[in-house]
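Assemble the dimeric complex from its two separately framed chains, guided by the hints.
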Amino acid sequence: MNPWMTYLIWPLIKFSIAFIAVQALVAAMNWIERRLLGFFQARLGPNRVGPWGLGQIIADPIKFLLKEDFVPARAEKVAYYLGPILPLLPSFIVFCLIPFGPPPTFAVTNNINVGLLLIFALTSTAVYGIILGGWASNNKFSLMGGLRSAAQMVSYEVPLGLSIVGVLMLTQSLELEEIVRYQEMNSWNVFPQLVACFIFIVAMNAENNRTPFDLPEAESELVAGFHTEYSAMKFAFYMLGEYSLMIVNSCLAVTLFFGGWSLGMGGIGFTTEVMQKMGWVGGLIGTGIFVTKMMLFLFMYIWFRATFPRFRFDQLMDLGWKFLIPLALANIFVTGIVLLAFPSRLYGDTVIAVGEIMLTVIGMIVIALTLVLLFKPKRPKVINASRVSEA
Amino acid sequence: MQVEYPKPKWTDKFLLLDMFEGLKTTFRELFRPKVTIRYPEERLEPADRFRGMFRFSYDRCIACKLCALACPIDIIYIDVHDETIEQEGKKKKVKVLDRYDIDVKRCMFCALCEEACPTKPKSIWLTTKTYELATYDRNDLYFNMQELEYWDDRPRYTGLPEEEEKPRIADERRMLGE
Ligand code: SF4
Ligand code: SF4
Numbered sequence: 007m008n009p010w011m012t013y014l015i016w017p018l019i020k021f022s023i024a025f026i027a028v029q030a031l032v033a034a035m036n037w038i039e040r041r042l043l044g045f046f047q048a049r050l051g052p053n054r055v056g057p058w059g060l061g062q063i064i065a066d067p068i069k070f071l072l073k074e075d076f077v078p079a080r081a082e083k084v085a086y087y088l089g090p091i092l093p094l095l096p097s098f099i100v101f102c103l104i105p106f107g108p109p110p111t112f113a114v115t116n117n118i119n120v121g122l123l124l125i126f127a128l129t130s131t132a133v134y135g136i137i138l139g140g141w142a143s144n145n146k147f148s149l150m151g152g153l154r155s156a157a158q159m160v161s162y163e164v165p166l167g168l169s170i171v172g173v174l175m176l177t178q179s180l181e182l183e184e185i186v187r188y189q190e191m192n193s194w195n196v197f198p199q200l201v202a203c204f205i206f207i208v209a210m211n212a213e214n215n216r217t218p219f220d221l222p223e224a225e226s227e228l229v230a231g232f233h234t235e236y237s238a239m240k241f242a243f244y245m246l247g248e249y250s251l252m253i254v255n256s257c258l259a260v261t262l263f264f265g266g267w268s269l270g271m272g273g274i275g276f277t278t279e280v281m282q283k284m285g286w287v288g289g290l291i292g293t294g295i296f297v298t299k300m301m302l303f304l305f306m307y308i309w310f311r312a313t314f315p316r317f318r319f320d321q322l323m324d325l326g327w328k329f330l331i332p333l334a335l336a337n338i339f340v341t342g343i344v345l346l347a348f349p350s351r352l353y354g355d356t357v358i359a360v361g362e363i364m365l366t367v368i369g370m371i372v373i374a375l376t377l378v379l380l381f382k383p384k385r386p387k388v389i390n391a392s393r394v395s396e397a
Numbered sequence: 010m011q012v013e014y015p016k017p018k019w020t021d022k023f024l025l026l027d028m029f030e031g032l033k034t035t036f037r038e039l040f041r042p043k044v045t046i047r048y049p050e051e052r053l054e055p056a057d058r059f060r061g062m063f064r065f066s067y068d069r070c071i072a073c074k075l076c077a078l079a080c081p082i083d084i085i086y087i088d089v090h091d092e093t094i095e096q097e098g099k100k101k102k103v104k105v106l107d108r109y110d111i112d113v114k115r116c117m118f119c120a121l122c123e124e125a126c127p128t129k130p131k132s133i134w135l136t137t138k139t140y141e142l143a144t145y146d147r148n149d150l151y152f153n154m155q156e157l158e159y160w161d162d163r164p165r166y167t168g169l170p171e172e173e174e175k176p177r178i179a180d181e182r183r184m185l186g187e
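Heads up: the protein sequence lines correspond to chains A and B, in order. Residue numbering for the first sequence is 7 to 397, as defined by the working numbering. Residue numbering for the second sequence is 10 to 187, as defined by the working numbering.
Read the hints as simulated data drawn from the structure, not as lab findings. Hints may contain errors.
As the list claims (entries may be wrong) - Taking lysine-lysine pairs in the DSS-like style, the calculated list, with each CA pair at most 30 Å apart, reads: (1) K73(A) x K83(A); (2) K33(B) x K74(B); (3) K18(B) x K387(A); (4) K328(A) x K22(B); (5) K299(A) x K18(B); (6) K382(A) x K43(B); (7) K299(A) x K22(B); (8) K74(B) x K138(B); (9) K102(B) x K387(A); (10) K384(A) x K138(B); (11) K146(A) x K69(A); (12) K18(B) x K382(A); (13) K43(B) x K69(A); (14) K146(A) x K73(A); (15) K328(A) x K33(B); (16) K384(A) x K43(B); (17) K102(B) x K328(A); (18) K18(B) x K384(A); (19) K114(B) x K328(A); (20) K382(A) x K16(B); (21) K101(B) x K129(B); (22) K299(A) x K43(B); (23) K114(B) x K384(A); (24) K102(B) x K138(B); (25) K387(A) x K22(B); (26) K114(B) x K104(B); (27) K20(A) x K382(A); (28) K74(B) x K43(B); (29) K382(A) x K33(B); (30) K384(A) x K33(B); (31) K114(B) x K129(B); (32) K83(A) x K69(A); (33) K328(A) x K69(A); (34) K22(B) x K382(A); (35) K16(B) x K74(B); (36) K74(B) x K101(B); (37) K33(B) x K387(A).
Unchecked claim - Label pairs and their calculated CB-CB ranges: (38) M306(A) x D146(B): 46 to 54 Å; (39) L150(B) x R54(A): 48 to 56 Å; (40) Q29(A) x L39(B): 24 to 32 Å.
It should be emphasised that the depicted structure is a prediction, and the values quoted were computed from it without experimental measurement. Glycine residues also receive a C-beta, built at the ideal position from the N, C-alpha and C atoms.
Next comes chain B alone, as it looks inside the complex (with noise of 0.2 Å):
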């Protein structure tokens, strides 16, 4: 749609019009709903796709090292032994994971250990929504298998007292400013 804007007649530009429009303008914002978000009071839910903090399951892991292979920055470390378990009556051998740690500070979230992961459902996934992970220390970022699966018992830094209240989600509309 094209659309034209009365042309400024010699009456506004008289009466300085341009510039008390301008004024009109900022004041209107004045009242305008902001779009701050306080953090540590409320915070805003991240997307579906959203890339956080990782989970680990041990109980799904096949020990098949595919994951440490796809990751382009070689930070996930797999150690693994052979045991030979009776199962119905049938000699197996399967794999039991030792070690599977991940230096998490140096990951990029690529989520290509996630991508290349064969069990179903993944056995490391990302899409857990947590982004706060900021410690005071570096090497609280280095998580081991334990740490991996159960990091909700961590404690860790959330920028509120610990008997705060869980924080609110952010109203999304007010973000849009409607």
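So here's chain A without its partners, still in its complex pose (with noise of 0.2 Å):
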């Protein structure tokens, strides 16, 4: 093929498919988690504009076009409109290097042997916009914000990037097709990375700025925090910097712990050899798992938001350096050691993994552990029935 088609043209195109797809899904975000946190509180949520209240997602954008574009009097005029800007970019790259669908296909981009990295170095550029907007709005609590979130973005910096360590040492490989391809072969990485998992999760929402991380906003201490002094299609911009980077968060968690645009295990299922064999059908429905498995994502996060209240700042710190980096320094330890200590051992014909089948084994009796000992009813013991409880 022309090298043209190949290397600009096909990838632009596929860009823009991209772009445009998350965009809507952006703009689908506000309605989406709003109607959501609602049911979750007993409410209705927006449901007057439109069916369902789904011109909700029309009349934001027009609203926010709308309002007057205010600029504080003595704000530092190039950080201030840049603020907004930054963080957007980070996670419109990133959408090229994010595997959609099966191969040959469905990734925007042809295939980047660092891209985790890569994806892991634009992604932690974000917060520049939120240090630089609460800096240059001259205000004392969008200055807060910033300051917060770069205090909160360094401390879960390492805990995010610690917790793939363990996803690196199984899959041997920074490629995110590769990734998955692993995890088809073998298992999802949330078995045998249970814990980088959970910490991944759990950096990933402090990352973003959302709740219960969302001190840089913290709306009953800092006003709006670092956005206090940012109006209009500025703070749209903010919330479309989140939003992104919330897709670009659920992205990564559904392509480096949940099996990507795969649905099986151990080479049986939904695998890449299906789908190519099935064409373009099969790429499309890789695309379809992927971007479900995506949403369910994203719902989660409006989950954790309608569930946990809001961390202390102490709190959130000694979350951070206190138990997350230690314990996923420790989950690489644990890794290495059965790794190094089972190693991959020829019976017959095949090779069996030896110590990622016990890794893997492992993290899946902890989580039916969990699950049964969540559902397991709580019977509460009676000490005295005839009195009135004190409480």
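Below is the structure:
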């Protein structure tokens, strides 16, 4: 094929499709989140504009466009304008790197063999927008929000980075496609890397400034934190950045821990080979599976927001430095020991990865135990049936 | 009744059961019926004791002015004149209402006027269960005698187009979350 086609035109087309789809999803997320939060809190959420309130998706951007664009008098102009744009850029670029479906059709760019490193390098720059915006607004609340954000990002970047080391040790690759292939051939990384998955999800919530880690905007203490002084479209850009980053992080979690576009483990089920045999239909199905998993993660974000109260700042730091980082290090250590002590063996004709199977089984047992204990009815013991409780 | 829940074991702490318990609770909430009343389309029937807009009955009123006296903020304006009428051959002096106005925008719906009214049934009463009194002009809330009796005909803002069917009463059981 013409190299121009391969390296410029096709990626551009694919990127535009992915970009538009993601932007539509971001706009829809605003409505989905408010509606779901409403349902979580025994109310209905926005339901007046159009059927089921769907018109809200269009009404909100229009409102943002029509509002007065206010710039504080003594704001640092350049930084103030840069602030909302900076968090957007990395997430747009990252969408090119994420494999939305099985290789030949649905990855936007050709495979990048350090894809994961690149993604992490890009997403961690998103915080600059928040710090800049907070500092440039010439407002003490914004500044506090920005500074908190900086501290939080630094603390949670570490466990986030450490948590994927275990995954890398298993898959022995930084290529996202390779990681997905490994998962469909062996098992989804949630099971052997349960702890890493947990750390990843917590840290990714914190990275994203979402409740329970939304200290940078902490509306009960800091008015609105870093975006106190932002209005109209600039504020919308911050929202856009936040939701884009949410989607990016969900995509990453799906790719790293939940088998990407595949639906199967141990080489059986709906794997890449099956999809590739089906041609572009298979590709579409793979993308559908990926998007479904991603939506589940977005739901999880909202679910967390509806469930957990916000951390205090020192609790946040404690959780990051005293709990997650040691846990991530321990996870790396244990994974390494197991992989070294039980290397893959040849039984007859088949290679059995003993260590990985052990980790998988342990992970599955822990998940099963949690579920059993969670759904076991807890019967309260009656101590004194006659007396009215003092409480 | 005094009850004691089993103490969390170390396994519970290790598996972060508290956290998942919270998630389970909120997830259950997601499917509960919602308490919201979608106001203009459905609305709640107020309780029987509810004090809403008053209604006045010219036929029952004996023009005694007791309600105007009872009103703590003096927003009931009554003018009367005496008239002599022939009834069963006897001459009888009756009071006739010239003016009976209530400045409803200042009313606090204390129902003292209803309480003071000596006629039976009351000539002025607040149990009409009507609470949609919003108007576009504050002067529209000054009601005279005719309007007080026939305010049903007054154009009022209900938040709905005219031809909309009668709003249904919200299911009260749903409110209680049953
Ligand atoms: S209900 Fe209104 S009119 Fe009647 S006494 Fe109270 S304030 Fe006066
Ligand atoms: S107290 Fe009753 S009867 Fe007397 S003037 Fe008022 S409304 Fe009429």
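Verification of the hints:
About 19 Å separates the Cα atoms of K73(A) and K83(A), which keeps this hinted pair within 30 Å; it holds. This hinted pair does not check out: K33(B) and K74(B) have alpha carbons roughly 64 Å apart, beyond 30 Å. In summary, the hint linking K18(B) to K387(A) is supported, as the alpha carbons are separated by about 16 Å, within the 30 Å threshold. A hinted pair counts as satisfied when its Cα atoms are at most 30 Å apart, and K328(A) with K22(B) qualifies at roughly 17 Å.
Distance hint between K299(A) and K18(B) is unfulfilled; the C-alpha atoms sit about 33 Å from each other, more than 30 Å. Proposed proximity of K382(A) and K43(B) is supported: the alpha carbons are some 27 Å apart, at most 30 Å. The straight-line distance between the Cα atoms of K299(A) and K22(B) is roughly 29 Å, inside the 30 Å bound, and the hint therefore holds. For the proposed pair K74(B) and K138(B), the alpha carbon gap of about 25 Å is at most 30 Å, so the pair holds.
Among the hinted pairs, K102(B) with K387(A) is inconsistent with the structure: their alpha-carbon atoms are about 80 Å apart, more than 30 Å. Under the criterion of a C-alpha separation no larger than 30 Å, the hint pairing K384(A) with K138(B) is inconsistent with the structure, at around 47 Å. The straight-line distance between the Cα atoms of K146(A) and K69(A) is roughly 27 Å, inside the 30 Å bound, and the hint therefore holds. With a C-alpha separation of about 14 Å, the suggested pairing of K18(B) with K382(A) holds against the 30 Å cut-off.
At roughly 28 Å between alpha-carbon atoms, K43(B) and K69(A) fall within 30 Å of each other, so this suggested pair holds. This hinted pair checks out: K146(A) and K73(A) have alpha carbons roughly 24 Å apart, not beyond 30 Å. For the hint linking K328(A) to K33(B), the alpha-carbon distance of about 27 Å falls within 30 Å, and the restraint holds. Of the supplied pair hints, the one linking K384(A) and K43(B) holds, its CA atoms being roughly 27 Å apart against a limit of 30 Å.
Among the hinted pairs, K102(B) with K328(A) is inconsistent with the structure: their alpha-carbon atoms are about 94 Å apart, more than 30 Å. With a C-alpha separation of about 13 Å, the suggested pairing of K18(B) with K384(A) holds against the 30 Å cut-off. For the given pair, K114(B) sits about 62 Å from K328(A) by alpha-carbon distance, which is inconsistent with the 30 Å threshold. A C-alpha spacing of about 14 Å is found between K382(A) and K16(B), which places the hinted pair at or below 30 Å, so the restraint holds.
For the hint linking K101(B) to K129(B), the alpha-carbon distance of about 22 Å falls within 30 Å, and the restraint holds. Only pairs whose Cα atoms come within 30 Å are accepted, and K299(A) paired with K43(B) is accepted, the gap being roughly 28 Å. For a cut-off of 30 Å, the pair hint linking K114(B) to K384(A) is broken: about 56 Å separates their Cα positions. Of the supplied pair hints, the one linking K102(B) and K138(B) is violated, its CA atoms being roughly 37 Å apart against a limit of 30 Å.
For the suggested pair K387(A) and K22(B), the alpha carbons sit about 20 Å apart, so the restraint of at most 30 Å is met. For the given pair, K114(B) sits about 28 Å from K104(B) by alpha-carbon distance, which is consistent with the 30 Å threshold. Among the hinted pairs, K20(A) with K382(A) is inconsistent with the structure: their alpha-carbon atoms are about 48 Å apart, more than 30 Å. A C-alpha spacing of about 48 Å is found between K74(B) and K43(B), which places the hinted pair above 30 Å, so the restraint is violated.
This hinted pair checks out: K382(A) and K33(B) have alpha carbons roughly 12 Å apart, not beyond 30 Å. With a CA separation close to 14 Å, the supplied pair K384(A) and K33(B) stays within the 30 Å bound. Between the alpha carbons of K114(B) and K129(B) the distance comes to roughly 27 Å, so the proposed pair stays at or under 30 Å and holds. Of the supplied pair hints, the one linking K83(A) and K69(A) holds, its CA atoms being roughly 24 Å apart against a limit of 30 Å.
Pair hint K328(A) plus K69(A) does not hold up; C-alpha atoms about 44 Å apart against a cutoff of 30 Å. Using a Cα cut-off of 30 Å, the hinted pair K22(B) and K382(A) holds, with the two alpha carbons roughly 16 Å apart. Straight-line distance between C-alpha atoms of K16(B) and K74(B) comes to about 70 Å, which puts the hinted pair past the 30 Å bound. The hinted pair formed by K74(B) and K101(B) meets the criterion: a straight-line CA distance of about 19 Å does not exceed 30 Å.
For the hint pairing K33(B) with K387(A), the CA-to-CA distance comes to about 22 Å; that is within 30 Å, so the pair holds. Evaluation of the 46 to 54 Å hint for M306(A) and D146(B) yields a pass: the beta carbon distance comes to about 51 Å. A hinted range of 48 to 56 Å is violated for the C-beta pair L150(B) and R54(A), which are about 27 Å apart. For Q29(A) and L39(B), the Cβ-Cβ distance of about 27 Å falls inside the hinted range of 24 to 32 Å, so the restraint holds.
Violated hints, listed in ascending order, are 2, 5, 9, 10, 17, 19, 23, 24, 27, 28, 33, 35 and 39; each of the other numbered hints is respected by the structure.
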